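All chains, please: the whole structure from these sequences, using the hints.
Here the protein sequences come in this chain order: A and B. Okay, so the first sequence: first residue is 1 according to full-length UniProt numbering, each after it adds one. Okay, so the second sequence: first residue is 1 according to full-length UniProt numbering, each after it adds one.
Everything labelled a hint here was simulated from the structure, so no lab data went into it. Computed from a predicted model, the values in this text were never measured in an experiment. Hints should not be assumed to be uniformly reliable.
For chains that are exact copies, the list does not tell them apart, and a pair is met inside one copy or across any two.
[Said to hold, decoys possible] Here are the computed lysine to any residue pairs in the SDA-like style, where the Cα-Cα straight-line distance is at most 25 Å:
(1) K79 <-> G49
(2) K48 <-> M350
(3) K300 <-> A183
(4) K298 <-> G75
(5) K48 <-> R316
(6) K300 <-> D69
(7) K328 <-> S101
(8) K328 <-> N279
(9) K328 <-> S98
(10) K48 <-> C310
(11) K48 <-> A329
(12) K120 <-> E148
(13) K300 <-> G75
2 protein chains.
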Amino acid sequence: MFTLITTHGRARRGTFSCAHGGTVQTPVFMNVGTQAAIKGGLSAHDLKGIGCQIELSNTYHLHLRPGDDVVRAMGGLHKFMDWDGPILTDSGGFQVFSLSSLRKIREEGVYFASHLDGRKIFMGPEESMRIQSNLGSDIAMAFDECVENPATHDYAKQSCERTLRWLERCKAEHDRLVALPDAVNPGQLLFGINQGATFADLRVWHMKEIAKIDCDGYAIGGLAVGEPTEVMYEIIDAVEPHMPQEKPRYLMGVGTPSNIIEGVARGVDFFDCVMPARNARHGKLFTWSGTLNLKNEKYKTDPLPIDPECDCPVCRSFSRSYLRHLFKAEEVLALRLAVMHNLYFYNKLMEKIRNALDEGTFESFRARYSGRLEERI
Amino acid sequence: MFTLITTHGRARRGTFSCAHGGTVQTPVFMNVGTQAAIKGGLSAHDLKGIGCQIELSNTYHLHLRPGDDVVRAMGGLHKFMDWDGPILTDSGGFQVFSLSSLRKIREEGVYFASHLDGRKIFMGPEESMRIQSNLGSDIAMAFDECVENPATHDYAKQSCERTLRWLERCKAEHDRLVALPDAVNPGQLLFGINQGATFADLRVWHMKEIAKIDCDGYAIGGLAVGEPTEVMYEIIDAVEPHMPQEKPRYLMGVGTPSNIIEGVARGVDFFDCVMPARNARHGKLFTWSGTLNLKNEKYKTDPLPIDPECDCPVCRSFSRSYLRHLFKAEEVLALRLAVMHNLYFYNKLMEKIRNALDEGTFESFRARYSGRLEERI
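So this is what it looks like as structure tokens:
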């Protein structure tokens with residue numbers, strides 16, 4: 001289901017397929033629909049028009065609301081949100097550690113209070129697998145602890161040893177669940193997650209260990225959570241040589257356009273990030289010349305589209321002047337159009353990266369854009 | 001530009017055309033895009049998919065923000081919001097009286113303070129015509145005073161005499177503006193507005209007087225502002241016989257589905273109302289069996305669409321369960337899908353009314369639905 005077509009240095013050009021959708025071209029950016037909806041009012045149908053190949057939803061959020069039992073009763077996430085392409089669900093681990101309160105981490109899992117209503121909840125490897133099984137996603141992520149930075153070496157070691165034991169339990173439970181006759185998605189895959197905070201020795205040890213467990217892909221988790229960008233790149237550099245070549249690699253929650261270009265250069269295939277949608281909701285738009293803020297007075301009578309180089313559904317139809325007006329008038333349409341543009345930009349970025357890999361021009365593409373796309377124009 | 005095809009009693013089936021779009025089939029509901037955007041995040045493109053024939057925007061709002069000078073600089077409303085169908089702009093009168101503060105009504109016009117920033121503004125007949133000329137709408141509405149109910153007969157008489165004088169000034173200024181070589185929309189039409197509060201004698205006198213001024217259509221304004229529904233119907237009954245047969249009639253700001261059916265039965269051709277979009281944003285949806293509130297617990301695992309009889313883009317794809325989840329999770333997508341459904345319902349209501357008129361079955365349609373479509377299911 002993952003095929004490596006070509007490599008340039010460590011950068012990889014491949015294809016991926018799973019139980020839903022056709023062939024995914026990698027490197028790929030996964031578009032985030034946390035609560036089974038894209039922020040800003042985009043439906044799954046809108047994703048088709050902006051080049052989205054994989055949608056990502058959040059286990060923690062959907063477990064709390066509407067409940068994974070509800071999603072299962074409705075036939076799974078694909079039917080619920082009317083998206084027939086691939087869906088990846090995260091494990092809930094990251095949100096348990098970033099959103100909930102009153103956490104107690106034990107060998108069996110994590111006790112925590114819902115950020116919505118304070119309700120006490122337990123989630124361990126088996127629970128996470130069962131929730132993701134109910135959701136019926138195509139890729140389930142292993143339940144892990146995402147250690148806060150800075151962490152001590154001792155704590156990080158203890159944590160990633162536990163995350164390894166949790167992966168073994170995830171794998172066993174996942175194998176059991178997909179074999180059940182009433183599995184929502186019997187073709188569901190499982191990706192393991194590398195942890196180890198910012199300690200290269202722990203990261204490498206952990207990566208070697210999880211590579212021994214037969215997962216369908218491997219992610220690097222716990223990065224882009226406050227550490228300097230250079231540290232993130234160093235960790236990827238350290239871990240990547242120990243990731244199985246024949247399986248897809250996913251850098252979780254990353255990142256800026258330049259982070260993605262640098263991730264690809266370091267051998268990563270899958271990315272996801274809330275940044276393009278979040279920035280869009282604040283009027284901050286990506287263009288091929290840098291970023292702009294649509295709320296700026298100077299766009300009041302600007303007849304140009306957000307990016308004259310862009311052929312997204314928004315840039316084909318609307319001016320900066322109109323979009324600025326929508327933001328100023330607090331029309332919900334402002335959010336939708338801005339999110340559409342930024343997600344299209346990210347999906348187009350991946351397409352340009354893939355084309356550069358196909359044509360053997362990735363290094364010049366990297367030199368032209370890496371570190372540049374975030375500059376304000 | 002208005003052709004009466006057939007009548008059934010006072011009900012009229014016709015066609016209408018103006019400077020933009022093809023032939024509009026009447027009776028017609030105009031979909032409201034107050035600030036050049038449909039509430040809930042619909043773009044003008046979405047209007048195509050829900051059967052919208054005419055879009056309506058608000059002069060008062062657009063004058064304040066982004067400014068009609070900005071819209072003119074961007075080539076007019078059609079280009080600004082990327083809608084190539086007919087656009088009607090109201091005169092600003094209703095909002096001056098309902099939204100602004102510190103109003104002083106004089107013979108020359110109205111002095112008022114913006115509801116956005118308190119800025120002092122003057123608007124009279126000439127200003128309203130110039131603003132609507134800048135917006136480039138296909139139908140401009142005359143500047144009128146919308147008297148608050150209850151009003152004294154004396155005040156209502158004084159007011160509708162002034163509104164008549166204002167219409168004469170509107171007509172003169174409108175004639176001048178459309179003849180200018182740089183008119184944004186040289187094909188812009190002008191509709192006069194009947195006023196007179198709830199006094200049938202004033203309404204009839206005023207209607208006869210404004211009918212003498214050669215307008216392209218006539219509206220009944222100042223209704224559905226708090227008076228009992230029966231009073232509204234009585235006023236329409238009184239005024240309608242004095243409205244020119246060969247010109248379109250527009251009942252402003254009305255109303256519920258039943259109000260529209262009753263308006264058609266009384267000879268009205270054009271309607272507009274914010275209700276379908278506003279109700280939708282609160283989870284209140286129209287169906288052919290009555291209204292339902294999507295936030296209701298009973299829809300938690302309901303796999304049916306909002307209305308099994310409906311073939312709108314929302315009902316074709318999403319369950320009540322999914323929509324309820326989106327409302328509960330406060331996803332913007334909830335608003336958009338709900339607004340799409342309700343506007344589609346209103347446009348479909350008009351289509352069904354037209355079909356009933358074409359087939360000579362309007363009275364049985366009216367008997368079946370009037371007074372029923374607002375019942376809660």
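Violated constraints from the hint list, given by number and in increasing order: none
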